[in-house]
Amino acid sequence: MSAVLEPVHEAMAAHGRRSLLGLGTQQWVRLAAPLLFGLVLLAGWELLVRLAHIPSFVLPAPSQVAWTLVTEWGSLSQSMWVTLSLSLAALSLAVVAGLSLAVLFTQSRWMELALFPWAVVLQVTPVVAIAPLIIIWANDTAVSLLICAWLVAFFPILSNTTLGLHSVDHNLVNLFRLYDATRWQSLRHLRLPAAMPYFLGGLRISGGLSLIGAVVAEFVAGTGGTQSGLAFRILESGFQLQIPRMFAALVLVSLCGIAIFATLSLVSHLSLRHWHDSALRREN
Amino acid sequence: MDAHAPSSAASPAQPLVTLRRVGKRFANGTVALRDIDLDLVPGQFISLLGPSGCGKSTLLKLLSGLAPASSGQMQWGWQGDRPALSFVFQDPTLLPWAHALRNVALPLMLAGVPEDEASARAREALASVGLAGFEKRYPRELSGGMKMRVSIARALVTRPRILLMDEPFAALDEITRTRLNADLLALWQRERFSAVFVTHSIFESVFLSQRIVVMAPRPGRVVADLDVDEPYPRAASYRTSAVYGRHCDRVAAALEAATEMGAVQ
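If you read the protein sequences in the order shown, they are chains A and B. The opening position of the first sequence corresponds to residue 1 in my numbering, with each subsequent residue numbered one higher. The opening position of the second sequence corresponds to residue 285 in my numbering, with each subsequent residue numbered one higher.
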């Protein structure tokens with residue numbers, strides 16, 4: 001074919017304006033505002049503790065927590081690493097299980113009817129309640145912790161991805177049928193990409209849940225020695241009334257959560273930035 | 285450009301599709317189509333015209349094979365198992381996560397055409413609808429008219445013998461629609477596919493087609509089959525000519541009769 005028609009000339013909207021480090025003024029404000037608020041809060045806290053002479057086993061000053069973080073960094077960082085790797089392992093398993101089950105569900109309506117209610121049962125049963133059973137059955141602390149964290153994390157991925165795989169434009173389904181697309185082609189080129197925003201939404205929820213699962217499971221199961229995570233450090237510090245250390249461990253748990261959420265948000269933004277409404281900036 | 289040899293009187297060519305007493309009844313009992321007799325002549329531009337609910341979109345689905353007929357006979361008059369058939373929906377129906385070139389190459393990719401060849405052919409198809417240079421644009425970045433052009437390029441990339449269009453320009457503004465009408469006719473004259481164009485606009489159908497099949501609702505049926513024997517290419521001045529007006533009157537009268545018949549039943 002050669003061009004028989006005149007090319008269309010239309011002004012295209014310019015891409016977003018650039019600023020410092022790739023972030024616009026608005027983004028910097030969005031970063032700075034919560035940070036500033038946090039700093040004010042910490043300063044007030046510090047002042048309160050110092051002026052009112054609150055003992056450190058009731059409420060340690062932020063400076064003391066920070067100092068504890070430095071002095072105890074050896075054991076705390078090791079525990080953080082244990083908790084973080086447990087969360088990430090649980091999240092990876094949740095992704096594998098959630099994705100494959102969701103795909104299975106779209107390929108077979110019967111499978112979905114038979115299995116989905118059981119996934120819901122697993123989801124609504126509090127992990128604290130079944131953790132003791134899992135610990136008995138698994139007969140290995142690391143494995144039982146992993147199972148508990150996985151149980152908490154996998155449902156959002158499963159339910160979101162299932163919804164996404166079903167939410168395909170009906171005309172696009174017809175189009176694929178018209179061109180005799182195989183099941184695999186429809187899955188690979190239509191259903192999976194269409195489910196991406198849903199899957200990524202589920203992934204962000206599951207990221208946080210995998211950390212919660214890991215911490216809760218360790219509270220219930222308990223560990224000791226070099227294999228203990230942050231939850232055990234918190235328990236241990238509580239027993240020994242080393243409240244600044246407890247706060248330091250808490251800070252690290254929060255940081256892990258923030259890091260997981262930020263990473264997954266970035267992944268989500270990078271995968272959707274070309275096409276999905278959630279990742280596009282609007283002019284109006 | 286040479287006139288696109290029209291049709292009805294001269295060509296003894298075998299119809300591409302033959303429908304005899306074809307009916308369609310939905311699961312809820314609605315009779316969408318009753319006793320449809322229709323021959324698709326190769327290379328002809330046909331419009332299916334009628335009010336909402338007259339089953340013109342359903343008829344298009346039957347022709348495409350997307351839905352089966354519930355009664356009557358349908359015969360496809362070509363060799364091989366698969367008609368070279370394309371469909372343009374009312375919405376552009378593009379993959380939002382793929383840029384224009386990949387959208388146009390989709391039918392070729394699904395057919396297993398090697399990637400180099402597929403994107404070369406997709407590039408040509410995009411250029412033929414006036415979108416050269418827009419290969420890497422995502423649907424989000426294109427206007428409504430441009431998205432429809434991408435959709436048409438995707439339909440034409442397989443070089444179909446039949447192009448089915450379901451009110452493709454209904455959602456576009458008047459100016460864009462007029463341009464796309466003219467461009468569609470130019471493509472049709474060059475590619476020589478059979479076009480079946482569903483519309484509820486008398487003006488659009490008279491401008492585009494050689495033949496207008498007027499349909500009536502409840503149940504959907506054919507009430508008139510009119511020829512528009514005007515030569516191609518049809519210039520913009522055709523829209524303001526006296527012949528054009530007469531054709532429009534004729535079609536409007538048939539449509540009026542159809543609507544009354546629908547109301548009585």
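Warning: the hint list may mix true and false statements.
Said to hold, decoys possible - Label-pair distances were calculated between CB atoms; the ranges are: (1) B:ALA311 x A:ARG273: 37 to 45 Å; (2) B:VAL315 x A:SER92: 49 to 57 Å; (3) A:THR182 x B:GLN359: 25 to 33 Å; (4) A:LEU163 x B:PHE310: 22 to 30 Å; (5) A:TRP137 x B:ALA455: 56 to 64 Å; (6) A:ASP180 x B:GLN359: 17 to 25 Å; (7) B:ARG474 x A:VAL29: 38 to 46 Å.
To be verified - What the simulated footprint calls covered on chain B by chain A, stretch by stretch (three residues with Cβ under 8 Å from a Cβ of chain A suffice, anywhere in the stretch; the number is not a length): (8) 387-400; (9) 417-428.
In short, the hints are calculated from the structure, not lab data. We put the beta carbon where it would ideally sit given N, CA and C, even for glycine.
Hint-by-hint comparison with the structure:
1. B:ALA311 x A:ARG273: 37 to 45 Å: With a Cβ separation near 42 Å, B:ALA311 and A:ARG273 satisfy 37 to 45 Å, so the hint holds.
2. B:VAL315 x A:SER92: 49 to 57 Å: Once the Cβ atoms are compared, 55 Å apart, the range 49 to 57 Å for A:SER92 and B:VAL315 holds.
3. A:THR182 x B:GLN359: 25 to 33 Å: Roughly 27 Å apart at Cβ, these two residues keep to the hinted range, so it holds.
4. A:LEU163 x B:PHE310: 22 to 30 Å: Roughly 27 Å apart at Cβ, these two residues keep to the hinted range, so it holds.
5. A:TRP137 x B:ALA455: 56 to 64 Å: Once the Cβ atoms are compared, 59 Å apart, the range 56 to 64 Å for B:ALA455 and A:TRP137 holds.
6. A:ASP180 x B:GLN359: 17 to 25 Å: holds (20 Å)
7. B:ARG474 x A:VAL29: 38 to 46 Å: Roughly 55 Å apart at Cβ, these two residues miss the hinted range, so it is violated.
8. 387-400: holds (count 5)
9. 417-428: Per the Cβ count (8), the hint holds.
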